[in-house]
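In this note's numbering, the protein residues as written are 1470 to 1733.
Derived from the structure by calculation, the hints contain no laboratory data. Treat the hints with care, as some may be off.
Claimed, not checked - When the alpha-carbon atoms are kept at most 30 Å apart in a straight line, the in silico BS3-like pairs for lysine-lysine are as follows: (1) Lys1498 to Lys1666; (2) Lys1655 to Lys1585; (3) Lys1666 to Lys1621; (4) Lys1666 to Lys1723; (5) Lys1498 to Lys1484; (6) Lys1576 to Lys1621; (7) Lys1618 to Lys1679; (8) Lys1630 to Lys1679; (9) Lys1666 to Lys1630; (10) Lys1511 to Lys1585; (11) Lys1621 to Lys1484; (12) Lys1655 to Lys1576; (13) Lys1571 to Lys1476; (14) Lys1517 to Lys1571; (15) Lys1576 to Lys1723; (16) Lys1484 to Lys1714; (17) Lys1476 to Lys1621; (18) Lys1679 to Lys1631; (19) Lys1723 to Lys1517; (20) Lys1585 to Lys1621; (21) Lys1621 to Lys1687; (22) Lys1630 to Lys1498; (23) Lys1618 to Lys1476; (24) Lys1498 to Lys1655; (25) Lys1511 to Lys1679; (26) Lys1476 to Lys1576; (27) Lys1476 to Lys1666; (28) Lys1476 to Lys1577; (29) Lys1517 to Lys1666.
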Amino acid sequence: NLLLQDKRIDGRHPKSLRSITIQTDLIAKADGSALVTMGGTKILTGIKVEVGSPFSDRPDEGIFTVNAELLPLASTSFEPGPPDERGVELARVVDRSLREGKALDLKKLCLVEGEKVYVLFIDIYVLDYDGNYFDPALISALAALATLKIPKYEVVNGEVKKTGETFRLELTSLPFTVMMGILGEKFLVDPQIEEEKVLDVSLIIGTDEKGNIVSIQKNTSGPIPVNLLDTILDTAVEKTEEIRKKFLQEVPVKLAAEGEAAEK
């Protein structure tokens, strides 16, 4: 097996990511959108913004939901119909990474406490699948959020009305994930589709800018060699930082820095 010899089908080093491209503002009818390719895997995210009621236990916070669809055109293994367990898992990984990584300050999406808040619908579509859709899906979601144009509203006589203007969302963190594959006593990052088929186990590990682990998803049932765990986590921090640097080079991000907006 090539992987056991530290070789890969596409010639990459075991710890090398596939090339990443990011494009934003591609869907005219969406308030935010981004297309990300990672090797042969292609992900499109569209975001729509609406005004709705907050959750009763969080009256001063906006809401976001994540939905993911694995389109049949992306792979013969994807079937038409409602999201299957793989789509649900992908949405869950992106949702958890955004929440646990504290990417958004939901209090800034409140219009009228207890009555009206912004609701963000984040829809992720897998257009081409050549392994590891988790990492590019989160990159795509964050790129769409970073370039999102949110309609401004004002409260007039108790009514919420559009002003015709928009504002950009301020992100509070940039959490990213890296998918790690384990085979025997070997591991690799960002597996492509043929590699995924032979792995004993795969992990999707999320980190923030400070190197904190914010999420871990184990999506196969194999064992994780204990002697590899520290190296795997260190590699995850290193590789997500590599993704973060690429993202900041490609996407105009408005970040909250110590309470103040620091715009790139």
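Structure-based check of each hint:
no.	hint	verdict
1	Lys1498 to Lys1666	violated (37 Å)
2	Lys1655 to Lys1585	violated (51 Å)
3	Lys1666 to Lys1621	violated (47 Å)
4	Lys1666 to Lys1723	violated (39 Å)
5	Lys1498 to Lys1484	violated (38 Å)
6	Lys1576 to Lys1621	holds (15 Å)
7	Lys1618 to Lys1679	holds (28 Å)
8	Lys1630 to Lys1679	violated (39 Å)
9	Lys1666 to Lys1630	violated (52 Å)
10	Lys1511 to Lys1585	violated (35 Å)
11	Lys1621 to Lys1484	violated (44 Å)
12	Lys1655 to Lys1576	violated (44 Å)
13	Lys1571 to Lys1476	violated (37 Å)
14	Lys1517 to Lys1571	holds (20 Å)
15	Lys1576 to Lys1723	holds (17 Å)
16	Lys1484 to Lys1714	holds (17 Å)
17	Lys1476 to Lys1621	violated (52 Å)
18	Lys1679 to Lys1631	violated (38 Å)
19	Lys1723 to Lys1517	holds (19 Å)
20	Lys1585 to Lys1621	holds (13 Å)
21	Lys1621 to Lys1687	violated (40 Å)
22	Lys1630 to Lys1498	holds (20 Å)
23	Lys1618 to Lys1476	violated (44 Å)
24	Lys1498 to Lys1655	violated (45 Å)
25	Lys1511 to Lys1679	holds (28 Å)
26	Lys1476 to Lys1576	violated (48 Å)
27	Lys1476 to Lys1666	holds (16 Å)
28	Lys1476 to Lys1577	violated (48 Å)
29	Lys1517 to Lys1666	violated (35 Å)
Hints 1, 2, 3, 4, 5, 8, 9, 10, 11, 12, 13, 17, 18, 21, 23, 24, 26, 28 and 29 from the list above are not met by this structure, while the remaining hints are.
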